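Asker: This is what each chain is made of:
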Amino acid sequence: EAQVTQNPRYLITVTGKKLTVTCSQNMNHEYMSWYRQDPGLGLRQIYYSMNVEVTDKGDVPEGYKVSRKEKRNFPLILESPSPNQTSLYFCASSFRVGGAPRNEQFFGPGTRLTVL
Amino acid sequence: AQSVAQPEDQVNVAEGNPLTVKCTYSVSGNPYLFWYVQYPNRGLQFLLKYITGDNLVKGSYGFEAEFNKSQTSFHLKKPSALVSDSALYFCAVGESGTYKYIFGTGTRLKVLA
Numbered sequence: 001e002a003q004v005t006q007n008p009r010y011l012i013t014v015t016g017k018k019l020t021v022t023c024s025q026n027m028n029h030e031y032m033s034w035y036r037q038d039p040g041l042g043l044r045q046i047y048y049s050m051n052v053e054v055t056d057k058g059d060v061p062e063g064y065k066v067s068r069k070e071k072r073n074f075p076l077i078l079e080s081p082s083p084n085q086t087s088l089y090f091c092a093s094s095f096r097v098g099g100a101p102r103n104e105q106f107f108g109p110g111t112r113l114t115v116l
Numbered sequence: 001a002q003s004v005a006q007p008e009d010q011v012n013v014a015e016g017n018p019l020t021v022k023c024t025y026s027v028s029g030n031p032y033l034f035w036y037v038q039y040p041n042r043g044l045q046f047l048l049k050y051i052t053g054d055n056l057v058k059g060s061y062g063f064e065a066e067f068n069k070s071q072t073s074f075h076l077k078k079p080s081a082l083v084s085d086s087a088l089y090f091c092a093v094g095e096s097g098t099y100k101y102i103f104g105t106g107t108r109l110k111v112l113a
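Line by line, the protein sequences are chains A and B. With our numbering applied, the first sequence corresponds to residues 1 to 116, in that order. With our numbering applied, the second sequence corresponds to residues 1 to 113, in that order.
The shape of chain B in the complex, shown without the other chains (with noise of 0.2 Å):
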């Protein structure tokens, strides 16, 4: 079975400082792996995906995240992390032979000032 796991469950780091959030899969195939965000009292919201080709992947509001086959990671990264970044992310997976989607328990990112 795939499987996605977020070793952690919440990340501290200063503002100013580069963060990364980690991810780890498991899967048959070839990965569909994905990154969101989940604000206070929102839905969740797309940051990025790798389905093939270069291992670093540029997202939105100056995230990316690193594939590593060797290592099946998927760490979320940003050089320099921003108070209002503080959220909750998920890494996900889409399962190559359904059409489901398999995410992992979510990592609170809390940025200090």
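For reference, chain A alone in the conformation it holds in the complex (with noise of 0.2 Å):
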């Protein structure tokens, strides 16, 4: 089954204590992408990758790393997180079709993430 998976689906952690989420993508997708869901301000972009090692930020990338070793994972990565952190994340893909933003993303379940 073509998916995107992502873990932990929960987690609860305290200031400062890293942590990674990964995501990963069986559909041989050259695009992913990681998003925030926050109530009132829909979903941001964080980060995306076009493609093995090549990463690029998105409208909220402060306090977040990313890295794309793999054309299938993509883990976000929090060094120190902090409570204004607290959001739901979001994985997705797409194939990407010559120099536009032009394909449908699939996303992944989601990551609901408290920082204490």
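Okay, derived cross-link-like pairs now, DSS-like style, lysine-lysine, Cα gap no bigger than 25 Å in a straight line:
(1) 57(A) with 100(B)
(2) 57(A) with 71(A)
(3) 22(B) with 110(B)
(4) 100(B) with 69(A)
(5) 71(A) with 100(B)
(6) 110(B) with 49(B)
(7) 49(B) with 57(A)
(8) 100(B) with 65(A)
Derived from the structure by calculation, the hints contain no laboratory data. Keep in mind the model is a prediction, meaning the values are calculated, not measured.
Put the two chains together into one complex; each comes in its own frame, and the hints tell you how they fit.
Answerer: Written out as structure tokens, the structure reads:
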């Protein structure tokens, strides 16, 4: 089954304790991305990757890191989480055709993170 | 900067009536427009997109969207709403020149039996 998986689905942690949220897709997509969803703010893009070893900042990258060492995986790293990073996080992937963002994304089930 | 606006936080419609969820956009260059739906405790699911061509785009579950270049709008429509259509709907635009996607704030659709 074609899918995007995220782990963990739920996480409660404390300020400053480094954490990683994993994301994996089995559709051979070049493009992967991380979003956070907050009430009243919709989805905001954190980072995206157009292929292995190619990443770029979205609209809200502060406090986050990413890496893309393999095509299927795109982990999100919070080196020193803070309470304002409490949110619902989604990973997404899509094919990349040409030089324009014209493809629909497939989303993972989400990771609900609480930072105390 | 490119942007997407969904002016309504919530839309209520009676089952069987037509529904419209509004979206306006601001882009430089060609607009790549998308609609997604989110059911409770689920990720987003793709409904439809406009890249080029016909202004009326048909998508999943009987939804369609009308692209209007002069009004910079991309409203989501369905001729006859179902209670099961109740969900959170997001409009999004792909930012040309980068590979960023910009989402609206979402519109909660409530279909009343």
